[in-house]
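Asker: Each position in the sequence shown, counted from 1, maps to that position plus 2 in our numbering.
These are computed hints drawn from the structure, not numbers from a lab. Hints are supplied without guarantee of correctness; some may be wrong.
[Claimed, not checked] Computed Cβ-Cβ distance ranges for the label pairs, DEER-style:
hint, residue 1, residue 2, range
1, T105, P303, 36 to 42 Å
2, P136, D290, 37 to 43 Å
3, N196, L251, 38 to 44 Å
[As the list claims (entries may be wrong)] Cross-link-like lysine-lysine pairs, in silico, DSBU-like; alpha carbons within 35 Å at most:
hint, residue 1, residue 2
4, K264, K172
5, K295, K229
6, K172, K155
7, K301, K197
8, K323, K347
9, K116, K172
Idealized CB from N, CA, C, for every residue including glycine.
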Amino acid sequence: AVSTGRHGRAPANSIAKLFDMLRCRQFSGVAFVAALVAAVAEPGTEGCSDCTSFVQAEAASFLHGKEKVGQGKHGRDGQRDGKQATVKVKGPESQEPIHVGPTRIPCIIHQTWKTHTLLSPQSTYAESWRTMNPMCEYRLWNDTEIGLLAEEKSPDLIWPIWDGLTPVEKADVFRYLVLWAYGGYYADADVELNKPIADWEVSKDASLIVGYEFGHRFPEWQRAEIKFGRTEQFQQWFIVSAPGNPVLLRCLQMIRRRFTWKIQSTLDLTGPGVFSDAVHEFLEENSDGALAKEIGFRKTPPEHHFLSFPSETLYGRGEWKVWVCAAGRVNASPQVGRDDPDEGKEPLIIHHFAGSWKTDKDRTPEELAQMGKTK
């Protein structure tokens, strides 16, 4: 970040201070920018005044809580209107982006929208992911690009059924496929980040992070009444994964199979129903005594609310492990905190429930009547 050559060089002690901060990786963004400004402005620096002014202006914007993307006389920092819009901080030795979050999960933030232009309030929510994680890469995929992704990364499994999926179902499939192919952090456009990824209290060994949609299992009659896909449902507006995750591959395989079974409910075909099935299958197969416990629940249902797999816990064997977040951590249903003690922890995200996923075939007759439509 400190120019050399004809635009000058900051004194050696200033450079050493900046490099030390990068090596230890224990610094705040504000502290680093302040040190950078000091290095550029220190007496004895043979620098270009225009470059110095540009760095100072960018630093002032950062210090005021705004991540500015601009262009100075001698270079530019990037742009935001394409799917490859990125923000990275690189260390001086490895030249690799500084990593935050679980070890195996790349810090790439994926979102999708019809175009590369997000309108308010979604643009504000997206900005929270960028500004809180300046060391991560951000990608906004449009409708054309998610189709190309399906064709390139899943030519035999998903691409043959692509034209038979609704736009909402394609968006569902995209989240599983992009995380399986590249890994990273997926969030719906109506999801706002509440805590920087670096501050999340999750295991560094996690290769998949999921969250319950509600804090306890529903009896079957109540599941049907509230129109949930599963009695213990995992939300899928926010998923985090390492690339090549077998849970996500299994989810894609289930979608293809259910398509051939003529299942048309979005909840079951591509939504939280199929995602919950894939996660529960992994948890049961990789947790000691899980099957016997489930048999016990069915033979003698507990009198109190419960979850098959307690939240805020790491599950799995070998290289693939799943961290299960409490519902309140993904801002689903914190009002049931009495059922799950971990519900009350500070949420990682805020889901604003825009409800844009529903099509007419997913609405009840009552909902359609309110809209002046019929089933």
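Asker: Take the hints in turn and mark each one as holding or not.
Answerer: A quick look at each hint next to the structure:
1. T105 with P303: 36 to 42 Å: 39 Å, holds
2. P136 with D290: 37 to 43 Å: 41 Å Cβ-Cβ, so the 37 to 43 Å window holds.
3. N196 with L251: 38 to 44 Å: Violated - the Cβ-Cβ distance for N196 and L251, about 30 Å, lies outside 38 to 44 Å.
4. K264 with K172: Holds, because 16 Å separates the two Cα atoms, which is no more than 35 Å.
5. K295 with K229: 26 Å, holds
6. K172 with K155: It holds: about 14 Å lies between the C-alpha atoms, which stays within 35 Å.
7. K301 with K197: Distance of about 41 Å is beyond 35 Å: violated.
8. K323 with K347: 22 Å, holds
9. K116 with K172: 11 Å, holds
Violation of the numbered hints given earlier is confined to hints 3, 7; the remaining hints are satisfied by the structure.
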